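2 protein chains.
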Amino acid sequence: MAKEPDSTRRSERSRRAIFDAALALVGEAGYAKTTIEGIAARAGVGKQTIYRWWPSKAAVLLDAFLDLGAQAAEAYGEAEIPDTGDLEADLKHVLRATVDELNDPRHDAPSRALAAEGVINPELGAQFVERLLEPQLQLYVRRLAAAQEAGDVRPGVDPRIALELFVGPLAHRWLLRTLPLTHAYADAVVDYALHGLAPRP
Amino acid sequence: MAKEPDSTRRSERSRRAIFDAALALVGEAGYAKTTIEGIAARAGVGKQTIYRWWPSKAAVLLDAFLDLGAQAAEAYGEAEIPDTGDLEADLKHVLRATVDELNDPRHDAPSRALAAEGVINPELGAQFVERLLEPQLQLYVRRLAAAQEAGDVRPGVDPRIALELFVGPLAHRWLLRTLPLTHAYADAVVDYALHGLAPRP
Chain A
1 MAKEPDSTRR SERSRRAIFD AALALVGEAG YAKTTIEGIA ARAGVGKQTI YRWWPSKAAV
61 LLDAFLDLGA QAAEAYGEAE IPDTGDLEAD LKHVLRATVD ELNDPRHDAP SRALAAEGVI
121 NPELGAQFVE RLLEPQLQLY VRRLAAAQEA GDVRPGVDPR IALELFVGPL AHRWLLRTLP
181 LTHAYADAVV DYALHGLAPR P
Chain B
1 MAKEPDSTRR SERSRRAIFD AALALVGEAG YAKTTIEGIA ARAGVGKQTI YRWWPSKAAV
61 LLDAFLDLGA QAAEAYGEAE IPDTGDLEAD LKHVLRATVD ELNDPRHDAP SRALAAEGVI
121 NPELGAQFVE RLLEPQLQLY VRRLAAAQEA GDVRPGVDPR IALELFVGPL AHRWLLRTLP
181 LTHAYADAVV DYALHGLAPR P
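Protein chains in written order, with full-length UniProt numbering: chain A, 1 to 201; chain B, 1 to 201.
Simulated from the structure, these hints should not be mistaken for lab results. Please read these numbers as outputs of a predicted model, since none were measured by experiment. Do not take every clue at face value.
Residues from chain B that face chain A, not an exhaustive set, calculated with beta carbons under 7 Å [unchecked claim]:
id, residue
1, Gly38
2, Arg112
3, Ala115
4, Gly125
5, Val153
6, Ile161
7, Thr178
8, Leu181
9, Ala193
10, Leu194
11, Ala198
12, Pro199
Backbone N, C-alpha and C define an ideal beta-carbon position, used for all residues, glycine too.
Input sequences plus hints: build the corresponding full structure.
Right, here's the structure in full:
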């Protein structure tokens with residue numbers, strides 16, 4: 001393996017330190033009180049180092065979350081929804097992984113801070129949706145469209161709406177903390193959404 | 001009709017002015033920057049008038065939201081989910097009304113401010129759920145349990161989980177602003193949840 005130049009390794013170390021500092025700060029202090037200065041101080045880098053790579057606080061935080069998402073995808077295997085041919089098993093697998101990720105304390109505080117800010121700040125919310133959320137939702141669109149082609153989803157069902165029957169309930173429990181997020185809950189949501197609440201004739 | 005004593009009418013006017021001021025301020029400035037002093041100034045009452053009735057900012061805001069919810073229930077007929085014997089029609093009716101309420105600009109800013117604070121503030125979030133949200137969710141529990149008794153919901157389905165297939169997707173769209181909240185969307189959610197995404201044999 002070729003040796004990386006020192007400057008590349010230094011840059012990568014700074015980048016990592018900046019992301020860690022940004023996520024820690026936003027989780028502790030909230031979005032409004034997180035500043036580029038605070039991130040720089042905590043990361044042990046100059047403020048200009050951050051401004052060289054990112055134009056704003058929102059930009060560095062979104063990249064930090066994208067990086068966290070990439071790590072989660074590796075840890076929880078969420079890069080693509082598996083297609084074993086068994087839609088119910090595949091959806092239970094991915095919803096259980098989502099439950100684990102939402103319950104992971106490393107993700108909880110920063111993710112809540114970003115979500116809360118997005119609820120009241122339409123501009124940040126739109127960036128959050130476009131860069132972080134919608135790409136994840138498109139994984140469901142692809143899996144559900146494949147299932148539809150295989151005859152496992154009713155013709156006429158819109159996959160972009162259907163996926164919300166899976167992610168909506170989980171997000172609702174997580175954001176509003178109504179009841180515990182468990183694997184059993186994930187399984188029930190998949191069962192109810194696929195087979196319907198009404199009795200089958 | 002008996003004439004109300006002047007002091008009762010004055011109290012009711014103050015109460016209304018305090019609720020209006022609290023909702024307006026939290027919608028404009030956010031939860032953190034809303035203060036009892038600010039509410040009192042805007043409502044044109046003394047700060048002691050507020051402290052006589054409520055122990056804290058959270059308490060007056062929760063009561064203001066309960067009052068707003070009561071007004072919405074009147075405007076949108078949401079006090080109870082209708083039971084015409086047609087579960088699908090009844091659910092579409094209530095979900096369309098919820099869409100109208102979520103799209104109502106009078107509710108949007110204060111409701112977002114409270115929801116955002118609940119996402120990052122577990123204590124306020126728990127009060128919000130217990131006093132505002134869970135009573136609304138119990139309306140679904142009752143309607144779905146009645147439908148189950150009538151044979152319109154599969155035996156074994158847990159109504160407290162099932163309702164999240166209706167409210168979760170709507171809350172997801174509203175909170176995260178992914179796509180427009182429309183009556184057609186509400187209808188699709190009801191259709192998919194009741195009849196399932198999988199083809200019926």
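Do the hints match the structure? See the list:
1. Contact between B:Gly38 and chain A, as hinted, is not supported at the beta carbon level, the nearest pair being about 17 Å apart and thus beyond 7 Å.
2. Contact between B:Arg112 and chain A, as hinted, is supported at the beta carbon level, the nearest pair being about 5 Å apart and thus within 7 Å.
3. Contact between B:Ala115 and chain A, as hinted, is supported at the beta carbon level, the nearest pair being about 6 Å apart and thus within 7 Å.
4. A least Cβ separation of about 5 Å between B:Gly125 and chain A falls short of the 7 Å threshold, and the interface hint therefore holds.
5. Nearest Cβ of chain A to the Cβ of B:Val153: about 5 Å, under the 7 Å cut. The hint holds.
6. Hint on B:Ile161 holds. Least Cβ distance to chain A is approximately 5 Å, under the 7 Å limit.
7. With a least beta-carbon distance of about 6 Å to chain A, the hint placing B:Thr178 at the interface is held under the 7 Å criterion.
8. A distance limit of 7 Å between C-beta atoms decides the matter here; for B:Leu181 the minimum to chain A is near 11 Å, and the interface restraint is violated.
9. For B:Ala193, the shortest C-beta to C-beta distance to chain A is roughly 6 Å, which falls under 7 Å, so the interface hint holds.
10. Among the interface hints, the one on B:Leu194 holds; its C-beta lies about 5 Å from the nearest C-beta in chain A, closer than the 7 Å criterion.
11. The closest approach between the C-beta of B:Ala198 and any C-beta of chain A is roughly 5 Å, which is under the 7 Å cut-off, so the hint is satisfied.
12. At its closest, the beta carbon of B:Pro199 sits 5 Å from a beta carbon of chain A; the interface hint therefore holds under the 7 Å criterion.
Checked against the numbered hints above, the structure violates hints 1 and 8; every other hint is satisfied.
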